[in-house]
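Participant: Can you make the complete structure from the sequences, with help from the hints?
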Amino acid sequence: MSEKQGLTLAFVISLVGALIVLIFSLVNLVWFGSNAPNWGGFGDYMRNMMGGYHNFMGTYSSSTGFFTAISIVSFVCGVIMLMSALVLRIHPQEHFLWGIVIVVFSAISFVGMGGYFVGATFGIVGGVLALTYKPLM
Numbered sequence: 094m095s096e097k098q099g100l101t102l103a104f105v106i107s108l109v110g111a112l113i114v115l116i117f118s119l120v121n122l123v124w125f126g127s128n129a130p131n132w133g134g135f136g137d138y139m140r141n142m143m144g145g146y147h148n149f150m151g152t153y154s155s156s157t158g159f160f161t162a163i164s165i166v167s168f169v170c171g172v173i174m175l176m177s178a179l180v181l182r183i184h185p186q187e188h189f190l191w192g193i194v195i196v197v198f199s200a201i202s203f204v205g206m207g208g209y210f211v212g213a214t215f216g217i218v219g220g221v222l223a224l225t226y227k228p229l230m
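Be aware that the sequence shown starts at 94, since it is given in my numbering, and climbs by one per residue.
These are computed hints drawn from the structure, not numbers from a lab.
Please note: incorrect hints may appear among the correct ones.
Cβ pair distances, simulated, as ranges [claimed, not checked]:
1) Leu-190 / Val-166: 39 to 45 Å
2) Val-180 / Lys-227: 46 to 52 Å
3) Leu-102 / Met-176: 26 to 32 Å
4) Gln-186 / Ile-165: 32 to 38 Å
5) Tyr-209 / Gln-186: 31 to 37 Å
6) Leu-102 / Leu-190: 15 to 21 Å
7) Ile-183 / Ile-116: 18 to 24 Å
8) Leu-119 / Ala-200: 33 to 39 Å
9) Gly-126 / Lys-227: 41 to 47 Å
10) Leu-179 / Val-120: 19 to 25 Å
11) Ala-162 / Leu-102: 31 to 37 Å
The beta-carbon is built from N, C-alpha and C at its ideal position, and this holds for glycine as well.
Facilitator: Printed below as a string of structure tokens:
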């Protein structure tokens, strides 16, 4: 039982990271995809000082299309991380390949904040654990 403990830990951490990335990117995708107001950002309510043509963010400050695209990228990365973690559990002999896939797509999910950086960090830690796993012969 102890010989697969390291791989099980890699699976669980990668799975948790993938679920965090998926949940938060789905929430962001619904929020920005529905053209909801950008509260807390450089959006509508800060038009006094930074409005008009003097806006330092340009069209990205009020455009939700840019953030929707980033949320889609993060969502796709979360799906690939989830599938890779599940395949890691099903085929433990291919731990090196799936560890690389988990690390790469966790790093790419940082573009969409990767589940507010927590999910991407969990994914990287789980992928590194899968990469460094050495089965007992």
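Participant: Could you run down the list of hints and mark each one as holding or not?
Facilitator: Each hint tested on the structure:
| no. | hint | result |
| --- | --- | --- |
| 1 | Leu-190 / Val-166: 39 to 45 Å | 23 Å, violated |
| 2 | Val-180 / Lys-227: 46 to 52 Å | 20 Å, violated |
| 3 | Leu-102 / Met-176: 26 to 32 Å | 19 Å, violated |
| 4 | Gln-186 / Ile-165: 32 to 38 Å | 33 Å, holds |
| 5 | Tyr-209 / Gln-186: 31 to 37 Å | 34 Å, holds |
| 6 | Leu-102 / Leu-190: 15 to 21 Å | 18 Å, holds |
| 7 | Ile-183 / Ile-116: 18 to 24 Å | 23 Å, holds |
| 8 | Leu-119 / Ala-200: 33 to 39 Å | 20 Å, violated |
| 9 | Gly-126 / Lys-227: 41 to 47 Å | 44 Å, holds |
| 10 | Leu-179 / Val-120: 19 to 25 Å | 22 Å, holds |
| 11 | Ala-162 / Leu-102: 31 to 37 Å | 34 Å, holds |
Comparing the model with each earlier hint shows violations of hints 1, 2, 3, 8; every other hint is respected.
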